[in-house]
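Protein chains: 2
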Amino acid sequence: MQPNDAIDRYIDNHLDASIAELTRLCAQPSVSAQNWGLQECASLVGDMLSQREFKVDIIPTAGAPVVYAERQGASAKTLLFYNHYDVQPAEPLNLWETPPFEPSRRDGKLYGRGVNDDKGHFTSRLYALDALLAENENLPCNIKFILEGEEEISSPHLHEFMKEHYQLLKSDACIWESGGVDFHDAPQQALGMRGICYVELSVKTANQDVHSGLGGSIFPNAAWRLIWALNTLKDQDENILIPGFYDRVKAPNAQQVALLSALPDPAEEYKKRYGIQHFLKGMQGGLEFRQAAVFEPTCTICGLTSGYQGAGTKTVLPARASAKIDFRLVPDQTPEEVFDLLTAHLARQGFNDINVQLLGGGRPAVTDPDDPFVKLVIDTALDVYDQPMVVEPMIGGSGPNAIFKQYLGVPIVSAGIGHPGSQAHAPNENIRLDLYLKGTKHVAHIIKAFSES
Amino acid sequence: MQPNDAIDRYIDNHLDASIAELTRLCAQPSVSAQNWGLQECASLVGDMLSQREFKVDIIPTAGAPVVYAERQGASAKTLLFYNHYDVQPAEPLNLWETPPFEPSRRDGKLYGRGVNDDKGHFTSRLYALDALLAENENLPCNIKFILEGEEEISSPHLHEFMKEHYQLLKSDACIWESGGVDFHDAPQQALGMRGICYVELSVKTANQDVHSGLGGSIFPNAAWRLIWALNTLKDQDENILIPGFYDRVKAPNAQQVALLSALPDPAEEYKKRYGIQHFLKGMQGGLEFRQAAVFEPTCTICGLTSGYQGAGTKTVLPARASAKIDFRLVPDQTPEEVFDLLTAHLARQGFNDINVQLLGGGRPAVTDPDDPFVKLVIDTALDVYDQPMVVEPMIGGSGPNAIFKQYLGVPIVSAGIGHPGSQAHAPNENIRLDLYLKGTKHVAHIIKAFSES
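Protein chains in written order, with the numbering used here: chain G, 47 to 499; chain R, 47 to 499.
The reader is advised that the hints may include incorrect statements.
Chain copies aren't distinguished; within one or between two, either way the pair holds.
Derived DSSO-like pairs: lysine-lysine, alpha-carbon spacing no greater than 27 Å straight-line [as the list claims (entries may be wrong)]:
hint, residue 1, residue 2
1, K155, K451
2, K317, K155
3, K250, K317
4, K327, K209
5, K296, K155
6, K250, K318
7, K250, K327
Calculated from the structure, these hints are not laboratory results.
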């Protein structure tokens with residue numbers, strides 16, 4: 047019998063119970079952008095950990111509370127899990143096939159807001175611990191959890207929390223909130239994340255909307271002011287036009303480029319899956335494409351609002367307009383500097399009427415591919431997935447990993463249950479149950495190997 | 047006793063009954079942009095005319111029905127009233143102090159969607175007829191009404207209706223749907239209206255919204271495509287950049303400029319009322335300002351929609367974006383030509399991905415200031431308002447007056463109950479009851495004088 051056979055068998059035999067637990071957790075909305083259900087969800091998460099004999103502390107912040115939990119194990123080693131209990135807004139609601147907060151199991155999948163990002167990852171970690179505890183009443187090493195409630199709004203209070211509480215989180219390695227497989231079902235390892243600077247640009251030109259026949263050729267129009275301001279930020283060739291924006295951008299190093307070169311090409315799969323005709327800048331795929339996807343900074347309009355948006359026509363001159371924008375940052379850009387460059391640029395361009403609000407920010411960060419813990423995670427993946435882990439030196443998304451790096455100095459790896467069709471942040475978010483089992487087994491194997499390393 | 051004393055006394059003594067009738071009419075929503083309540087409102091309007099012994103015909107069109115009504119009078123002359131029973135959408139609902147479809151009387155005003163535009167004008171005409179019928183059981187001349195249900199969406203089926211039914215509408219003069227006083231309570235005469243070309247620009251870049259961390263630097267973004275396309279339509283100095291757009295624009299003639307010169311300057315009042323800091327192009331007021339307000343064509347963004355528009359942040363790359371735009375047209379521009387110029391321009395600029403939909407259009411048209419009916423309306427206004435009528439050669443708004451001009455050849459004048467704070471098309475639309483009485487008296491006096499002319 048292989049050393050992990052009992053663990054794997056336990057996991058294969060207890061899927062329904064874990065999915066039931068995940069379903070209960072997802073039925074509790076916890077939308078940080080809308081300040082909806084966060085306290086309730088933190089309590090629920092705390093209860094789930096207490097039931098496993100973790101010592102739980104729900105720690106208030108200036109925003110949503112942080113759930114901290116720890117339980118001693120057999121070895122002196124300590125493994126830290128970072129997860130979050132908040133989710134993205136479920137809108138647009140009409141595009142969901144089943145209600146977002148009533149998880150629905152069909153066709154080998156579970157659908158619902160948060161089943162992947164990130165509640166399913168959290169319950170998968172608990173499920174791995176349950177399997178280990180079924181084998182031995184003591185955990186093989188010390189386990190700590192930190193779950194925040196503001197990841198989806200760029201973790202505005204996590205830095206402050208960490209400054210005060212980092213001693214609690216001391217550990218030897220950290221497993222990040224997400225992970226999963228690529229288009230070929232190969233497990234993926236993400237060794238870095240881009241940073242983010244999320245802003246809202248808004249403008250008000252009058253105290254009310256006005257009949258467009260009255261004001262059209264004499265009154266300023268908030269929507270036009272916004273259009274012209276946005277147009278100064280990026281040109282049609284995707285060049286970000288804010289002076290100084292690219293100054294701190296570092297090209298990937300030779301090892302990172304080598305890792306990128308070894309990755310499969312997702313271009314055709316992206317086209318099919320998302321119905322995309324052409325990639326930006328005439329890219330067709332290949333190394334150039336993969337490098338652009340993660341090692342280039344972005345300026346993405348996430349939303350636009352102004353005036354009348356209903357059916358048909360309304361002849362109105364809007365008094366207000368606003369845009370939500372995220373900048374994804376690469377080493378060594380910082381959100382603070384990008385925000386300053388943006389506001390200075392708009393002022394220079396004559397857009398003093400545009401108000402710029404920083405809604406969230408975080409720095410980019412990477413883990414060393416040569417760290418022994420990275421090797422352990424890659425090795426254990428092979429047992430579970432029967433194919434080698436694909437190592438990404440950087441992924442396009444963002445998270446507060448830079449804060450963990452700065453305060454704890456631990457290697458940060460990914461291991462998880464996602465797949466490319468998980469629809470994270472989109473309608474019909476889902477997980478594949480076969481991958482839920484595999485991701486759970488991988489985490490259990492990691493804990494065992496780590497405890498013995 | 048003055049010839050109109052009995053009429054004026056009747057009107058002074060029956061305000062409550064007319065306001066009750068207007069309240070009932072406004073409680074019936076009839077939002078053409080949302081195809082809401084139009085049939086019901088047409089029936090209600092028909093009943094109100096039948097009660098006054100009009101012969102009523104509710105005539106179907108490819109859109110909302112047209113209500114036609116006629117009643118014989120003592121003289122051979124025929125006066126035509128053009129009104130509309132549809133209203134603008136009431137959104138944004140949260141800015142209304144009382145519900146838009148539950149008219150509320152307070153502080154000498156009546157508030158509700160449509161109390162001014164245009165249901166209050168219609169009931170004011172009926173009220174004037176009631177006063178004349180109280181004096182004499184026969185009307186002094188033939189009266190015809192046409193009420194359409196699609197004015198607020200640029201009358202898409204009125205041209206076709208007119209082609210088929212213009213014989214019904216033969217008349218000697220026409221009183222248009224609106225009118226009222228300026229900032230100094232002086233009655234206003236509007237002798238022309240700008241045309242309109244209302245379009246929706248929309249773009250779709252993927253089959254779904256995508257996580258912005260995944261697609262930000264490789265996938266096209268619908269919101270950015272829209273921004274860049276819009277930016278090619280108008281520059282920050284308000285120049286409309288569509289080649290050929292200005293080719294048919296005629297400067298106002300000497301008589302029109304003379305009329306404009308005689309008008310009071312609304313600049314300061316506009317600033318105060320609408321909370322506007324600066325007018326476009328550095329204008330301060332004066333003739334230049336008044337001329338720009340009505341004799342220049344416009345390109346107004348009426349609405350923008352894309353991606354996430356809720357509270358806080360959502361890191362999403364939008365698959366769809368759209369903008370509603372109205373172009374106000376001056377002689378001799380036409381909506382057909384502007385639409386063709388716009389689509390050709392966008393194609394030339396490389397925006398073949400932008401779909402352009404024509405949502406409504408109408409040509410500009412003017413009435414000759416020297417027409418005897420214009421003089422009659424101006425003369426009768428002096429009796430009611432105790433100050434001379436202010437004659438505007440053109441107003442900034444639009445309506446289907448060009449169709450009436452083309453098929454009926456009648457002079458078209460304005461007479462009505464509005465005031466500059468009426469909030470037409472905006473939240474808290476209202477009428478002043480003192481002006482409701484004056485506008486009603488003016489129309490009654492016009493009918494008497496016209497019958498005897």
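Comparing the hints with the structure gives:
1. When the C-alpha separation of K155 and K451 is checked against a cutoff of 27 Å, the pair qualifies neither within a copy, at 34 Å, nor between copies, at 65 Å.
2. For a Cα distance limit of 27 Å, the shortest separation of K317 from K155 inside one copy, 23 Å, qualifies, whereas the shortest one across copies, 59 Å, does not.
3. Proximity of K250 to K317 under the C-alpha cut-off of 27 Å is restricted to the inter-copy arrangement: shortest distance 14 Å between copies versus 39 Å within a copy.
4. In this homomeric assembly, K327 and K209 never come within 27 Å of each other (Cα to Cα): the closest approach is 42 Å inside a single copy and 51 Å across copies.
5. Taking the shortest Cα distances, K296 and K155 never come within 27 Å of each other, neither inside one copy (40 Å) nor across copies (65 Å).
6. For the identical chains of this complex, K250 and K318 are inter-copy neighbours only, at 15 Å across copies versus 41 Å inside a copy, given an alpha-carbon limit of 27 Å.
7. Proximity of K250 to K327 under the C-alpha cut-off of 27 Å is restricted to the inter-copy arrangement: shortest distance 18 Å between copies versus 34 Å within a copy.
Going through the hint list in order, the structure does not satisfy hints 1, 4, 5.
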